[in-house]
Amino acid sequence: MRRVLTIALICTASLMVPPVAVAEDPPSVRDRVEDLQQELDSLNEEIEDLQEPVAEFDLFDECMYPIGVTEYGKADGSFGYLFGQGGAARRPGLALDIRGFGMPQYEFLAFPAEEPPSIECNEDAGQEFIDH
Amino acid sequence: MKRAHRVLAVALVGAAVLACAAGSAGSNRLPDARAAGEDSPWPRTNAVPANVRAIRSVVRDLSRKVELMELSAARYADWEACIRGVPVSEYGDPDRQWGYLYDERNGIGTSYMPALAVDRKSRPRKEDYLFLKFSRKGNCRSHAPLPGGTADPASVSATAAASGRPRAQTLRRTLRHLEHRVRNMKRSARRLLAASERFDEWESCVSWVPVTEYGDPDGEFGYLFGPRDASPPGYRPALAIDRSDWDDPDYMFLALVGGDRPGRTCQDEPGEAID
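Top to bottom, those sequences are chains A and B. Quick note on numbering: the numbering used here labels position 9 of the first sequence as -11, and the sequence is numbered without any gaps. Counting from 1 along the second sequence, just add 7 to a position and that's the residue number in the numbering used here.
Read the hints as simulated data drawn from the structure, not as lab findings. Even glycine gets a Cβ: it sits at the ideal position worked out from N, Cα and C. Mixed in with the good hints, there may be bad ones.
Said to hold, decoys possible - When the alpha-carbon atoms are kept at most 20 angstroms apart in a straight line, the in silico SDA-like pairs for lysine to any residue are as follows:
1) B/144 - A/83
2) A/54 - B/234
3) B/72 - A/26
4) B/193 - B/81
5) B/193 - A/35
6) B/128 - B/264
7) B/72 - B/265
8) B/193 - A/22
9) B/193 - B/204
10) B/144 - A/47
11) B/193 - B/63
12) B/128 - B/265
13) A/54 - B/233
14) B/72 - B/272
15) B/193 - B/90
16) A/54 - B/144
17) B/133 - B/272
18) B/193 - A/14
Claimed, not checked - Quick look at which bits of chain A chain B covers, simulated, 3 or more residues with Cβ under 8 angstroms:
19) 24 to 37
20) 43 to 51
21) 55 to 62
22) 65 to 77
Could you build the full structure based on these sequences and the hints that come with them?
Take a look at the structure:
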């Protein structure tokens, strides 16, 4: 009986010890495969979650465009748009500058005038995929 | 006493058997034990090569997605770095009781109209609008968004998309390579998350300002314009906030309104248009 008890004790004790020793060993190929699969499952979820927010970059990029604007008139009031009672003063003002060869002073960012953010401005964007 | 020993021995042997069973189950961790679902990319087998092949395929698919997203993020980073603010205010009364002189030359005569001008006097954040302009300085010229948008779908470069037959590699080398790619993708995902948060913060602060150009570009009618001592003045068009209820504005300019600044205060809902 004592022998049985001793064997049982040794067996139990030996089973208690290995986990510590195993933890220090380099992971087996099987463990690495399993770890990679778990990491990929979670990475796949992360990337799925990112698709929509990142697609908003594209929407902006596809819809946004610069429009040339220049300020006409002088800030000192000698020349410009007539302003105030009887048009006595001259003030500068902004107007589009999209004709001719000169460079506009500003390229303001604009969106098409539909409801922003437009879903129509990028309708050509997926054409290539649709055609294929 | 002997009885007590016997009971203890039975308990210990039982515990040992259970521990052995648990130990062997723990070491056998591959997917069949995970009961892969219908959508799971992992094979229903414990065979390591089959699982490594599946991992390689998943890594390839995810890499393509990540690369496409990185292209989008890179384009965003390019134009984000080139955007500057220009303080603009509306001068004149929206109810047209005073302001710039405007003549439609339709017999009604001259009236007052508001118009937009660069605001050089207000303190920062006190201007009506901070219009967003695309800078021409430095590298920004090459990154300018195209008029009308690019309308180009993002595409993965040919090099990156090419997926040649994998070279013969040992399993461990293949695994090491895959682990490295997964680590890189995790870093990319973190960068993409940061970029999307930054974009969200910026976009939630930006407003769409309805703007129309009033007056004739050919100078037949519009805002009165000329030097102080000239008579009579000519006509020019100018930009004004479009408050018309029956017509769409010509443009929706992107602007930070009323002192809004990303990361500080934003009064409006994300991407809200100004009425």
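Indices of hints not satisfied (ascending): Violated hints: 7, 14, 15 and 16; rest satisfied.
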